[in-house]
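Enquirer: What follows is each chain in one-letter form.
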Amino acid sequence: MIVRAERIIRVTLFTLLLAIIASSTSAARELLVTQGAGAIQQAVDTADPGDTIIVEEGEYSENIVIRKPLILRSRKGYQGTVIKAREPSNPVIKVDSTTDVVISGFTVKGSTVAGIHIYRSSGCKVYGNFATDNYMGIYLDHASDNLVSSNTAARNAEGIDLYFSDANKIVNNKAYSNTEKGIVLYSSNENELIENEASSNVWDGITVWNSHRNLVKDNRSVNNTYAIVTNTDDNEFVGNVTMRRLYFILPVVLVYIALVLYLVEKKIFMMLYPRASSKRVGPKGRRTRP
Amino acid sequence: MIPLIASIGFILAIMTFIGGFRMVRRADHIEESIMHRVNGYVTIGIYVILALACIITNFKPLYLPLWVFGFLLHYLKLVLVKKRLAVKYGGYMGGILLLTWLALIFTHLPS
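These protein sequences, in sequence, are chains B and V.
Sequential numbering from 15 applies to the first sequence in our numbering.
Sequential numbering from -1 applies to the second sequence in our numbering.
Extracted from the complex, chain V is given alone in its bound form (with noise of 0.2 angstroms):
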């Protein structure tokens, strides 16, 4: 189920990212503006189910920090488009994002 819920999350990052990078060449396109912030408040949403599902099952405290640290990358990226510096600096956001989305299926799925 967790590598599962990795892999739908991974889809909306990149279906956030595509959406962002959309955003920033063509601001007139409302739908897609929407598109990209219900992508990404669902990725966000997804990582949570997921961090939560995975520190219940298996539990190691340990990584509970890695878990706080992906959430604030997440975060940080929410303060950056609230603060408008989203066209600046959203590309290397949603680049870390992608990454640890992949990071967050290597590390779950089945050996």
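Just chain B, same shape as in the assembly (with noise of 0.2 angstroms):
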């Protein structure tokens, strides 16, 4: 008797167990978001945690705001689909105190803050975006454990920035023509920066200050007024390739004082030599070799 009461249990635990996978599988809905007024926060706030929302081609002006696990991606990539922070002064895109967010697949401007704000998030994955326009490109903020790859930050003040963010891997994105620095680690320990470029911008290609245990491995930084900065002696820098700013503008400097003194030379050489500087002359004034 007891025996069956024991196997009844069982299979009705099995059964319970399999119910809660299937329904916790199907759950996960795609939701379309077309263009219109907060369309994309409209859709965040009804999506369930796991859902997918596909943002159509478009302009959108939002700031959204998300805080539950979402996957967030554009339909065609970032190229066409452009969202403008609405308000200024917040994040075209944050991501508050949550997990596992997708952000991928768009171009997002025109905020004082940050374009992609994580913010005290973790093992969320930002890829394929074009931040530009704002003054952190892609901003992470006390967030650990996160993704950042194949983005690009350009002409904001601060490309990607990482503040008291750990073990965060930040890889294969491009931050150039910001106008102060391109990749930023502030505070922030057991980051991996990996195969990154940071170039044209107007202070320091990467930054690691205050921070360690990082590993920067295999970077480019190239024409930076400052190639790779940091105060601390514990991080890892392996196989980077850096190239300053001075090494372009110093050569063409040089050419030029060259040509410079070169013509100055000639007159007082042609002052000490006067006599052997007189050119002759044919018959209808042409000059004539000798």
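These are computed hints drawn from the structure, not numbers from a lab.
Don't take each hint at face value.
Below 27 angstroms or equal to it, Euclidean Cα-Cα: the simulated DSSO-like pairs (lysine-lysine) are [claimed, not checked]:
{"#": "1", "chain 1": "B", "residue 1": "K231", "chain 2": "V", "residue 2": "K80"}
{"#": "2", "chain 1": "B", "residue 1": "K280", "chain 2": "V", "residue 2": "K58"}
{"#": "3", "chain 1": "B", "residue 1": "K231", "chain 2": "B", "residue 2": "K90"}
{"#": "4", "chain 1": "V", "residue 1": "K81", "chain 2": "B", "residue 2": "K280"}
{"#": "5", "chain 1": "B", "residue 1": "K183", "chain 2": "B", "residue 2": "K123"}
{"#": "6", "chain 1": "B", "residue 1": "K82", "chain 2": "B", "residue 2": "K139"}
{"#": "7", "chain 1": "B", "residue 1": "K82", "chain 2": "B", "residue 2": "K98"}
{"#": "8", "chain 1": "B", "residue 1": "K280", "chain 2": "B", "residue 2": "K139"}
{"#": "9", "chain 1": "B", "residue 1": "K123", "chain 2": "B", "residue 2": "K98"}
Just some of the chain V residues that point at chain B, by a computed CB distance under 7 angstroms [said to hold, decoys possible]:
{"#": "10", "residue": "E29"}
{"#": "11", "residue": "M33"}
{"#": "12", "residue": "L74"}
Note that the structure is predicted; figures quoted are calculated from it, not measured.
Don't be surprised by glycine CBs; every beta carbon is placed ideally from N, CA and C.
Assembly of the complex is requested from the two constituent chains, each provided in isolation within its own frame, with the hints serving as guidance.
Expert: This is the structure in structure tokens:
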């Protein structure tokens, strides 16, 4: 009798488990967003955790806040899907105190805070985005264990910023033409910066400041005022390619100086050797070869 | 100090290069010939000073053959001019010397 009861309980529990798994997998929905005021935020609000929000091509004016695990991606990539900050004093997309959010395929611009702001979140993936005309392109703020890959941050003040953020992977991103710095780690530890490119930023290509045990590997820092700047000595820098702006400017300046000096020197020598510098003149005033 | 010496050498190498080209085109201007000669010898002098400064301040046995090779390039230019082969090969040699000086600047810029 007891054995039979046990068997019934086991079968019931197994069925219940199957039902839970089935319900959890079938719950993930896909929501399609087309252009409209606040359309993306509405979709975010109505979505359940684990849902995918697919955004159609177009220009959107919003400040999106995500507080649950979601996949937010564009249908056709960042070129045609632009989100501009409706209120410039807020981030264009903010992931706030949650986990496992995916943001992919957007152009985010026009914020005086950040294009994409990951705040106190973990397990998030940010890839294939283009952040421009913000104060910070992509900003990880007290965020850990996130992946930021294949993004481009251009013409912001700072391209990609990590602030008190640990154990994140920053891989294969481009940060160029930012008015201050390309990639910045501030008080952030044990992050991996791999195969990124920081070029033509006004100040530093890559800054690792008050940060420890980070791996900075196979990055390219070209044509910045300073290539890689750090004030700590326990980070690992391996295989990075650096070339400062001075390398491009200096030869040009020196050639210019050489041209000017050549003309000055020639004048001096013409004064020193007046007879020698007299030119042979042909019958119609044309110079002839000797 | 070393980057400054390298920069002065590069400037003089360019001035010599310009002078050499003008001499090939207009052999009747003696003052340019003298200028070219003076610039060339001063460039070699600066090269020697730079090499000595680098060897004294930061001696690395591996770099010694490179310094000697650079000097031989300058010497080869002198030999070509003395043998009156400068019109034919001087341009190439001048170009190689300019690249040598560019490499010297880049390798001695402060990091």
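Enquirer: Now, for every hint given, state plainly whether the structure supports it.
Expert: To see whether the hints hold, each was checked on the structure:
no. : hint            : verdict
1   : B:K231 x V:K80  : 52 angstroms, violated
2   : B:K280 x V:K58  : 40 angstroms, violated
3   : B:K231 x B:K90  : 31 angstroms, violated
4   : V:K81 x B:K280  : 26 angstroms, holds
5   : B:K183 x B:K123 : 23 angstroms, holds
6   : B:K82 x B:K139  : 14 angstroms, holds
7   : B:K82 x B:K98   : 22 angstroms, holds
8   : B:K280 x B:K139 : 64 angstroms, violated
9   : B:K123 x B:K98  : 5 angstroms, holds
10  : E29             : 4 angstroms, holds
11  : M33             : 5 angstroms, holds
12  : L74             : 22 angstroms, violated
In terms of the numbered hints stated before, the structure departs from hints 1, 2, 3, 8 and 12, listed from lowest to highest.
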